[in-house]
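6 protein chains.
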Amino acid sequence: MLEVTPEVQHLIDLALAEDQVFNDATTSALIRPNVWGVGTFHAKAHGILAGLDVALAVFHRVEPSVETEALMQDGHGLEPGSTIARVAGKASTILRGERTALNILQRMSGIATETARYVKAVEGYRVKIVDTRKTAPGLRYLDKHAVRVGGGHNHRMNLADGVLIKDNHIELLRHRGMTLPGILEQAREMAPHTLKIEVEVTNLAELEEVLEGGAHIIMLDNMSLEDMSKAVEMVGGRALVEASGGITLENVAAVAETGVDLISVGALTHSVTALDISLDIAA
Amino acid sequence: MLEVTPEVQHLIDLALAEDQVFNDATTSALIRPNVWGVGTFHAKAHGILAGLDVALAVFHRVEPSVETEALMQDGHGLEPGSTIARVAGKASTILRGERTALNILQRMSGIATETARYVKAVEGYRVKIVDTRKTAPGLRYLDKHAVRVGGGHNHRMNLADGVLIKDNHIELLRHRGMTLPGILEQAREMAPHTLKIEVEVTNLAELEEVLEGGAHIIMLDNMSLEDMSKAVEMVGGRALVEASGGITLENVAAVAETGVDLISVGALTHSVTALDISLDIAA
Amino acid sequence: MLEVTPEVQHLIDLALAEDQVFNDATTSALIRPNVWGVGTFHAKAHGILAGLDVALAVFHRVEPSVETEALMQDGHGLEPGSTIARVAGKASTILRGERTALNILQRMSGIATETARYVKAVEGYRVKIVDTRKTAPGLRYLDKHAVRVGGGHNHRMNLADGVLIKDNHIELLRHRGMTLPGILEQAREMAPHTLKIEVEVTNLAELEEVLEGGAHIIMLDNMSLEDMSKAVEMVGGRALVEASGGITLENVAAVAETGVDLISVGALTHSVTALDISLDIAA
Amino acid sequence: MLEVTPEVQHLIDLALAEDQVFNDATTSALIRPNVWGVGTFHAKAHGILAGLDVALAVFHRVEPSVETEALMQDGHGLEPGSTIARVAGKASTILRGERTALNILQRMSGIATETARYVKAVEGYRVKIVDTRKTAPGLRYLDKHAVRVGGGHNHRMNLADGVLIKDNHIELLRHRGMTLPGILEQAREMAPHTLKIEVEVTNLAELEEVLEGGAHIIMLDNMSLEDMSKAVEMVGGRALVEASGGITLENVAAVAETGVDLISVGALTHSVTALDISLDIAA
Amino acid sequence: MLEVTPEVQHLIDLALAEDQVFNDATTSALIRPNVWGVGTFHAKAHGILAGLDVALAVFHRVEPSVETEALMQDGHGLEPGSTIARVAGKASTILRGERTALNILQRMSGIATETARYVKAVEGYRVKIVDTRKTAPGLRYLDKHAVRVGGGHNHRMNLADGVLIKDNHIELLRHRGMTLPGILEQAREMAPHTLKIEVEVTNLAELEEVLEGGAHIIMLDNMSLEDMSKAVEMVGGRALVEASGGITLENVAAVAETGVDLISVGALTHSVTALDISLDIAA
Amino acid sequence: MLEVTPEVQHLIDLALAEDQVFNDATTSALIRPNVWGVGTFHAKAHGILAGLDVALAVFHRVEPSVETEALMQDGHGLEPGSTIARVAGKASTILRGERTALNILQRMSGIATETARYVKAVEGYRVKIVDTRKTAPGLRYLDKHAVRVGGGHNHRMNLADGVLIKDNHIELLRHRGMTLPGILEQAREMAPHTLKIEVEVTNLAELEEVLEGGAHIIMLDNMSLEDMSKAVEMVGGRALVEASGGITLENVAAVAETGVDLISVGALTHSVTALDISLDIAA
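Residue numbers (numbering that gives the first Met the number 0), protein chains in the order written: chain B, 0 to 282; chain D, 0 to 282; chain X, 0 to 282; chain F, 0 to 282; chain W, 0 to 282; chain L, 0 to 282.
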């Protein structure tokens, strides 16, 4: 689900406010309120569309009477020249909302496009490409929606909806004399019973300890392909196995080949390349 | 100036809320409130630091009693292993704030680092590298600060602090029978007298019209290097000249060579590569 | 963890605003700003203290210079006459904050006290008493904290941190031709992989289907004691078993006797009896 | 008046946010957006309906296109099986809003139902049953509306709309040498002239002082029935008389018999028993 | 009481945001963060100081480390050259906050000064000068505080803390066949029992009806001096009498002479003349 | 442009909240929800209408189903008796919104009316009357719109959309050894290139320095008419010239006669006289 929820609406408001759209010096000086226009979104590159509902909602917030028409839905493939959507109303409304709408659409489509590349690269394997919490501040919900549009799956949305015991937790607890099985036992006892427990391991020795302790998901952090294959074998279906760290478009298929269940890719959201989309306005 | 203004504080709150840091299932289950820790930020790549004040403010918002120490300031050069800052306090506080702080620091340092590359590429020219309004929604202020840290300059912060007559405005107004000089005259009469007037032109014929009309700044949109050189000559110092469109690290020096005053680069903020920075926590 | 997070602070602000404490007609008319006072919280009944940090934070919000001293911590037993905490500062500050602080403290202590009764009633069994999402609007976080203070455990905090397939979901999906095992399979494929999957069943036939489908947690809804015992036996440790519906202080031990892992009690938070606590102010 | 004012809307938003309805893991995994459903609210107990407008507004906030139909109005009597309202639209919308809507409806109907019991218990007397400021934090407005629906009246909404001089005020002022008549004189001089002045007394001696001082309303705090009767006689219509403290369904008629004008009952809002109401969803 | 309550703090934030103080182009360009300064507030006219706490709080919000020193308190008399307060800190902080602080201080001092003129004009009469709800949107609380500083009293703060039956109510109710005594009876029965009931009358015939009906306060709207004198006599102390409409500094003493208890003056807050105060900054 | 932007809507909400319109004791007691009424706005004085859209939006916020009809637009001339607009709907809605709507309409129309007087006084000169940042806190946007309605022009909206180097900046920088030309050079180098640079001068010697330094706009602060005439001559069209300080309706024509381009008048917004407008409600 991505609809324009109150939280998304709040983000739109924030973006419109920081752009001072209701105080647009150029439009106010030049474009009378009675000038009507039609804006058309065109793709200027190959990719996957994402974020269209949010982008169109921007114009409705600037002026409720604007009319918008989506010519495709999120997930649709784009190529240079594809016509995506139309906005009709006061030309001043379209001009005010243009930059904010494009900033949203270009980022989200960029994420979906790159995700689709990873998904395609592992086609034929039963692995899932998943994202991380490495999103732009305030954009978690939009960034993660775009990953889903691109065919990826979401890892934790936030700190509340999954237990993930990472190197820093383990370091602190080992320092106090706890072992990995002991840590897992405490997690099972204390964490909400509705959440699975995931642990990060960096080598096969740790993996053995974790298997003994009984985790639901095991994250292999920056392991070699060889070790990942061994790890999958050692786990033998008793837990989900997630590969993490240093994943690129070049090596992702080889990682999938090891038999892991999930491959998480931080770059999907922390290093986004905007997809080139433009808005042309005609009278 | 970048300090933690109320608007930045609001963004931190938004980021902490979307990450549900006060409902962190892992930390609550495993790390007692009386466990103390020290977190250290290290660079893992070459680059320029940006956003440290904001990143450290994240921890203060999670728990006001935390102690933070900046070992360098925004603008400092980073290399793999550089120690950036320390955070001391409840280990649970550091764990809760970690991801949010890193997300901010990595994006802002990524922007500053890339900006510095452009600035270095035009060293020796009197041109300024400037950003655009193509920023992530809600992050305008942080993104633009990072550009300044990297040695770039800011173009308009928003629609209110500059008049920029673009293709879409011109198209609409020509349709109603106005000429470029006429448009410029109306802008001078109607726009706030404290703002300069910038116009986008796509060829030398339009440039001539605009010079006649009297713009303060002229944006050359996607022109060839040859035409840009001619344009600079034609303007002859009567206006600032800005090159825009299709600028890359490869061609930016050649663009500077044409003699333009400003080169605007959308990719600085619309296509950010996060700089690799980590936080290690010790007991 | 319950500290005065930004969300809790927001709730305090809301409560102070709805009580118009900064426009207190009585205090403004009668109590000069230079009158100092000491307020003492006393219990007037037997119970368990909960919410003290939040209650004291109310006074700090009214006037930051007030001094508060907690004489006990959340979870401490109360009896009539127990002295809980002191507040010293301008008498007007204490008078303005009194009602808001007491409303929080009495509700939260009421919840903790009742929870503790349930926990005591099942002493000796390895069952957990858990709450539900049947909390007062806006008070989810405080209500659930009070349950933990009373020795209970939390079920889902919200719709995001657990999958719970209830009668209404099943009804809708059966109508579209799906079976319980099919529903479970779809949930496993589509829901975030970090979440366990819980299903509600109302009889042993459904239970059998669900076991076949492979749920992590099974909620027995309003079953007889006899059926619950049989269900526990049928599950045989393959999933967590939760008893739900019609639980009272009178029958909770008998339910525990059936061997279920979890007993959820909506009344803990939907039907709260405030614990009697007063604030006496002396000059 | 209870309509969905901006303040009530804000509370709905708060409740939807804390339940993360737009991130509902179960519904997103199982119920496609094109599945339509009809939800029906049924009573499962005897009582009085309150809060229906607010409960239905919850669904409109989740999805504006939902259709809701109230089959009765606030104040209507309920019995097991009564059909209260219908909600038609996307099944996912109904599932997301269900818990929040029920939490509001069950609490408010619980308050109205209990209030109606008190009102009925004093039938035939010209006394009014009134509430107090002992409401759940953030729910003042809803709680007090439910009291009115049940036939009760509201005491002060907040500290601004009435002067009420209580034991703590009197203690502080006596300490500075003031007498009750002196306190009343100061209140008349200093408090807004649009507000009546109420004073709390605990015995007949204080009552005499207060009558001399000229209060508009006199609160008899925890007095015996005998003393209350004497108090009513002493006042002789010169002020409104309010009984307060220790009122129960068992003794309220006897208190009314003393001739007081108002009986305030804190338990109406501080110790609410939710009324059992359910929502059944059909395809 | 006027302290910097959360509501006032919110207003300061709003004012700082609308002035974009954290994006001050002039100060950022010219004044380095390490330049320190001292700002001094001077009066440039005769008047009464009001709003100083709020004005100084502006600077603390811009930068918490700033130091402010109030050399006088609200209510102090000013003359040209009076030194009011000092602000010491970063010069950039003082420059950013200057305009917002002065806008608050000049308006509030203007209100206090004009109120004091009315109060002085009726010196010797036992009448109170009161304000109205004719305040600038969002500034109710500050405007009304300034009236108190000037020696005036406050009428209703808002629609909740007083019953005031005006011409428009009466017109609507007469149309439905009600008489003034009937209206008053309904108000007594239905309105909160803590509020007094005020009625507006425009002539002596209406006054007679209202006296019969039993109002607590009677507003004489735009009556002649002669009729007001008669009205005071007719009321004979059975209610408070308020003169309203067309009051000026020229006629206010004559109105007081008629013996009314209260004179309300809308112009105190709807037509404010700012008091001239300046801020000089030295290095 | 002035439409009811999110920021204006927020201000309306703030005003309705401070007036507690949803808790209106009088209307709730007397006017049933099924009583319908029509309110008519009438002018009671000569002037210029401003703010009507905002005033009517107030009623829509109280109750979305209300119907409003504007009989004239902002900028229309008013005389006693002019009918401005009608509001039809529940009488209770009109009564609740009345005061808030009038407070907005009367202030904004007051500003427009006074501005129009200044504009008329300089008719025939090519000078512009401009406002200042001396607006009521939170009302910047509305106040400045009203100035435009009255025929005036806006100076800077806030600190971000113009560079204005004032006495305090100059004092601080001179103290550090800078000259006016040096200050101007730094401003040109450091300030956003889209903004013009304005400098305040107090005498002709400073003017000479500033002309040398190359400002875009020069503010003559409190100069004599004779010096202003000389200044205009000295500038000779190389910069815009603004007269500021001590401007009144009496001297504004003489100031215009000196040939300045702009005359700024703080009193337009810091000392507003409300225009008398009333709302009459009929059944």
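Please note: incorrect hints may appear among the correct ones.
[Stated by the list, open to error] Chain W stretches covered by chain L per the calculated footprint, using a threshold of three residues with CB under 8 Å from any CB of chain L: (1) 39-51; (2) 222-233.
[As the list claims (entries may be wrong)] In silico negatives: residues of chain D with every beta carbon more than 10 Å from chain L: (3) Val3; (4) Lys43; (5) Val162; (6) Leu203; (7) His215.
Keep in mind the hints are simulated off the structure, nothing from the lab.
Note that CB positions come from ideal geometry on N, CA and C, so glycine has one too.
(message) Of the numbered hints stated earlier in the document, which are not met by this structure?
(response) 1, 2, 5 and 7
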